[in-house]
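Undergrad: Taking the hints into account, I'd like the entire structure generated from these sequences.
Next come the chains, spelled out residue by residue.
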Amino acid sequence: MIITLILVSVALLALGFLIRLAKGRALPAQVLENPGEHMRAVDLEAFRNLVDRDEEEFLRTNLPASEFRRIQRERLRAAVEYVSCAAQNAGVLLRLADAGRRSADPATAEAAEKLVQNALRLRLYALQAIPKLYLGMALPGARISAVGIAERYEQMTRLVVLLGCLQYPTRGVSAAL
Amino acid sequence: MLFYYLWIAPHVLEGIVLYAMVRRGLHRQFPMFFLYISFEIAQCFCLLAVSRYVSYFGQVYIQVYAVGLAVSTAIRFAVIYELFCHFFRRYPAISGAGKLLFRGASLALLLIALGLAVSAPGNTPAASLNDATYVALRTTTFAADRAVSILQGGLLISLFLFSRYFVLSWRSPVFGIALGMGTFAIAEFATTALRLYVPISNKVFDRSAMAIYHLCVLIWILYVVRPEPELRFELKSLPTYDLEIWNQELERLL
Numbered sequence: 001m002i003i004t005l006i007l008v009s010v011a012l013l014a015l016g017f018l019i020r021l022a023k024g025r026a027l028p029a030q031v032l033e034n035p036g037e038h039m040r041a042v043d044l045e046a047f048r049n050l051v052d053r054d055e056e057e058f059l060r061t062n063l064p065a066s067e068f069r070r071i072q073r074e075r076l077r078a079a080v081e082y083v084s085c086a087a088q089n090a091g092v093l094l095r096l097a098d099a100g101r102r103s104a105d106p107a108t109a110e111a112a113e114k115l116v117q118n119a120l121r122l123r124l125y126a127l128q129a130i131p132k133l134y135l136g137m138a139l140p141g142a143r144i145s146a147v148g149i150a151e152r153y154e155q156m157t158r159l160v161v162l163l164g165c166l167q168y169p170t171r172g173v174s175a176a177l
Numbered sequence: 001m002l003f004y005y006l007w008i009a010p011h012v013l014e015g016i017v018l019y020a021m022v023r024r025g026l027h028r029q030f031p032m033f034f035l036y037i038s039f040e041i042a043q044c045f046c047l048l049a050v051s052r053y054v055s056y057f058g059q060v061y062i063q064v065y066a067v068g069l070a071v072s073t074a075i076r077f078a079v080i081y082e083l084f085c086h087f088f089r090r091y092p093a094i095s096g097a098g099k100l101l102f103r104g105a106s107l108a109l110l111l112i113a114l115g116l117a118v119s120a121p122g123n124t125p126a127a128s129l130n131d132a133t134y135v136a137l138r139t140t141t142f143a144a145d146r147a148v149s150i151l152q153g154g155l156l157i158s159l160f161l162f163s164r165y166f167v168l169s170w171r172s173p174v175f176g177i178a179l180g181m182g183t184f185a186i187a188e189f190a191t192t193a194l195r196l197y198v199p200i201s202n203k204v205f206d207r208s209a210m211a212i213y214h215l216c217v218l219i220w221i222l223y224v225v226r227p228e229p230e231l232r233f234e235l236k237s238l239p240t241y242d243l244e245i246w247n248q249e250l251e252r253l254l
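Residue numbers (my numbering), protein chains in the order written: chain A, 1 to 177; chain B, 1 to 254.
For the record, the hints were derived by calculation from the structure and aren't laboratory data.
Hints may contain errors.
If you only want the chain A side, here are some residues facing chain B, beta carbon under 10 Å, derived [stated by the list, open to error]:
#1 I3
#2 T4
#3 F17
#4 L21
#5 R69
#6 A90
#7 V116
#8 Q117
#9 N118
#10 A119
#11 L120
#12 L127
Note that the Cβ used here is the ideal one computed from N, Cα and C, for glycine as well.
TA: Printed below as a string of structure tokens:
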């Protein structure tokens with residue numbers, strides 16, 4: 001009887017979860033209406049600095065071990081926050097670009113397609129990087145690599161500019177944005 | 001009367017799904033789902049004929065039902081794989097991760113399903129017939145059905161989770177097929193679990209399972225018949241925080 005109760009509860013929870021996931025599909029439409037509200041500021045240089053190996057080595061050699069571990073944890077906590085923000089922004093841009101790739105203009109559609117693929121890679125990379133950063137927080141001495149995410153983010157923002165230019169060729173990028 | 005309505009009506013309504021699929025050319029995009037619906041209709045009328053002219057709901061009926069269920073289950077797996085393939089084809093950047101997800105989730109769910117199958121009770125009291133073969137076949141069928149439901153429901157939930165994380169958009173028919181399949185698998189899991197462990201009349205379970213299937217058919221009709229919603233989108237504004245980076249990048253581009 002207990003097994004039945006557990007199984008039925010699991011089934012009910014799964015059904016509720018499925019409905020919730022299915023309902024969540026409506027959110028992207030709001031994102032398209034006002035993407036700015038859903039995006040968060042990301043200081044790319046600050047993030048690069050946080051995950052910079054030379055910087056880490058510098059701190060390691062110049063600080064007492066306990067102090068280094070404390071600071072390194074703080075740095076990685078901040079890096080996780082940056083990665084989460086970048087992933088969230090990638091999600092918003094992905095929504096925009098996904099809609100943009102249905103454009104009748106082949107150049108716009110192509111740029112949107114590239115942006116979609118880049119944003120997806122960034123989210124995939126974030127999915128791998130965040131546990132790594134947490135691992136780094138647990139073991140502050142361990143070597144982690146998250147510099148690639150900054151490069152991906154930079155590449156993605158470049159594509160967004162290109163997409164804006166293609167959608168508003170006469171107004172210029174500032175107007176498009 | 002209710003029993004016959006719940007048995008026949010969903011399969012008649014599935015005719016609408018088939019018609020809409022052919023009309024919209026979806027049968028070429030989702031051949032496995034088309035096959036599944038066709039098979040369900042054929043199976044329904046076959047079982048109806050057996051129950052009417054051969055053995056009512058006796059041993060022959062349950063044998064035909066078990067064979068039909070096995071074929072239907074295999075096609076449902078093919079439908080799920082078809083949904084995965086169709087979904088990830090649009091996003092090559094994560095197709096590798098998608099395949100990994102499909103394999104990993106299948107393996108994990110298979111282990112759970114096997115664990116539950118092993119722990120399932122070996123026998124249940126026969127409600128109408130005192131026939132050991134009949135009871136064993138029935139019990140095995142439901143245990144297997146439950147294991148399959150875990151796999152299928154879990155795979156579809158994984159797909160929904162994956163798409164949620166990657167903010168992927170669903171095309172209307174794919175979403176509808178997945179939602180209907182997922183609801184059916186999860187509900188089937190609950191009813192087969194109850195059937196195996198709770199000694200309540202099978203009529204109650206049969207009717208609830210049929211009602212849920214009816215609901216799933218309505219979901220499929222809704223998403224297959226209605227046209228794809230038009231998305232009119234203009235890139236008007238983007239957040240100010242990124243303008244600085246974009247301007248710098250533009251300077252670099254220029």
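Undergrad: Just to be careful: measuring from the Cβ of L127 (chain A) to every Cβ in chain B, is the smallest value less than 10 Å?
TA: Check passed: Cβ of L127 (chain A) comes within 7 Å of chain B, closer than 10 Å.
Undergrad: Does T4 (chain A) hold up as a contact with chain B if the rule is Cβ-Cβ below 10 Å?
TA: 4 Å, holds
Undergrad: Does the CB of L120 (chain A) sit less than 10 Å away from some CB of chain B?
TA: 4 Å, holds
Undergrad: Interface hint check: N118 (chain A), Cβ to nearest Cβ on chain B, cutoff 10 Å. Holds or violated?
TA: 8 Å, holds
Undergrad: Hold the hint about V116 (chain A) up to the distance rule: shortest CB distance to chain B must be less than 10 Å.
TA: This interface hint holds because 7 Å falls under the 10 Å limit.
Undergrad: Under 10 Å, Cβ to Cβ, is where I3 (chain A) needs to be relative to chain B, so tell me if that hint holds or is violated.
TA: Hint on I3 (chain A): holds, closest Cβ of chain B at ~6 Å, below 10 Å.
Undergrad: Does Q117 (chain A) pass the interface hint, meaning its C-beta sits closer than 10 Å to a C-beta of chain B?
TA: Because about 4 Å separates Q117 (chain A) from the closest Cβ in chain B, which is inside the 10 Å limit, the hint holds.
Undergrad: Given R69 (chain A) as an interface hint, is its Cβ closer than 10 Å to any Cβ of chain B?
TA: 31 Å, violated
Undergrad: Grab the minimum C-beta distance from F17 (chain A) to chain B and call the hint holds if it beats 10 Å, violated otherwise.
TA: Holds: closest Cβ of chain B sits about 7 Å from F17 (chain A), inside 10 Å.
Undergrad: Using the nearest Cβ pair, does A90 (chain A) come within less than 10 Å of chain B?
TA: 8 Å, holds
Undergrad: Is the interface hint satisfied for A119 (chain A)? The criterion is a beta-carbon contact with chain B at less than 10 Å.
TA: Result: holds, 8 Å to nearest chain B Cβ.
Undergrad: Grab the minimum C-beta distance from L21 (chain A) to chain B and call the hint holds if it beats 10 Å, violated otherwise.
TA: L21 (chain A) check passes; min Cβ-Cβ to chain B is 4 Å, inside 10 Å.
The structure fails to meet hint 5 from the earlier list, while all remaining hints are met.
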